[in-house]
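Q: All chains, please: the whole structure from these sequences, using the hints.
Residue numbers (the working numbering): 1 to 330.
Taking CB as the label site, the calculated pair distances span:
hint : residue 1 : residue 2 : range
1    : E214      : E53       : 20 to 26 Å
2    : I203      : V322      : 48 to 54 Å
3    : Q127      : Q252      : 38 to 44 Å
Hints were generated in silico from the structure; no laboratory data involved. Heads up, the beta-carbon is just placed ideally off N, CA and C, and yes, glycines get one too.
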Amino acid sequence: MDSGINKLDFCDCLVGGKHFYVEENYVCCDDSFDDDNGHGSACAYTIKSIFPETQFYIIKILDQNLETVYPVLEAALEHCMDLKYHIINLSLSLLEEVGSVNLKLICDALQKKGKIIVASVSNGHRQSFPAAYPSVIGVRGSFFSSSEEYWYNSKEDIQCIADISPTFTSWTLDNYFMFSGNSRACAVISGLLLKLETDYNMILNLESAGLILEKNATRNDWTENDIVAFTDTYVIGHQQVCDQSVLVAVHQILSDIMGWGDNIVVDLNTNLFKNGLIHTNKIKQLIIDLEKQFGITINHSNIKYTSLCSINSIGKLIGGIVDEKTKIDS
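A: Here it is in structure tokens:
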């Protein structure tokens with residue numbers, strides 16, 4: 001349940017869908033669920049990366065600006081009551097319950113029907129809705145070494161902490177070519193639930209899912225500091241000396257994209273993601289500019305986000321491609 005899906009990219013795993021929206025103060029529904037934002041498709045890529053056999057029934061409720069209203073969300077969730085599909089991925093959030101009439105009651109009713117709602121917490125917040133409801137698995141994000149690593153505690157209001165490490169989706173998704181945040185963490189857990197059903201050969205409900213998630217979690221207790229902690233161990237290339245001209249050019253490209261200005265000088269090993277010096281929605285433009293500057297082709301399917309974590313790691317990436325290109329040309 002999101003902004004729709006890119007049908008061309010997922011034509012082999014779509015089983016149907018609906019579009020809910022408001023028109024003249026009425027909640028309307030039609031069969032058009034194409035993704036005109038990219039967020040929903042990025043969530044689907046994430047789920048499919050965890051469980052490749054996933055089949056998707058798409059419910060589009062977010063517009064091109066990723067906005068919706070409570071009546072639309074409530075109508076869409078009510079539509080799920082009689083669907084045979086039981087895992088509902090909600091990589092979306094609302095900060096206040098103001099305007100909600102029946103949202104909690106609908107979530108409770110879905111749980112009683114055996115549905116599992118997995119909902120993300122709003123980025124930068126500790127709680128949002130419907131993630132905070134007891135009938136929902138609420139998900140926040142932190143950085144893990146693997147997408148299959150997570151924390152779970154059924155006694156917490158937000159039970160789950162999952163991986164938000166930026167990953168590549170599809171070149172066609174523009175702003176979501178690199179995907180991160182609590183939305184990604186939520187999709188990761190939905191994918192893991194599908195995988196666990198296959199591993200345990202059973203259909204899960206909220207109670208059984210919670211028990212298995214808690215059993216397989218790498219951690220069941222944590223503090224707020226643990227969640228927000230981001231170590232620089234994900235930055236690679238600290239020990240490699242790169243060509244100074246390459247590093248200067250990389251710094252200039254990043255500065256132009258992000259508008260750093262002349263007053264911002266970034267250390268070569270500073271974690272760009274951690275310090276907000278680069279945003280995931282700018283990664284596609286970064287790769288385009290790097291390819292143009294250095295006359296190379298970057299195969300994004302073969303690199304990890306750690307290759308783009310610092311100026312030095314980007315320099316290492318460029319140097320490796322240039323060296324390989326030189327060997328081929330020779």
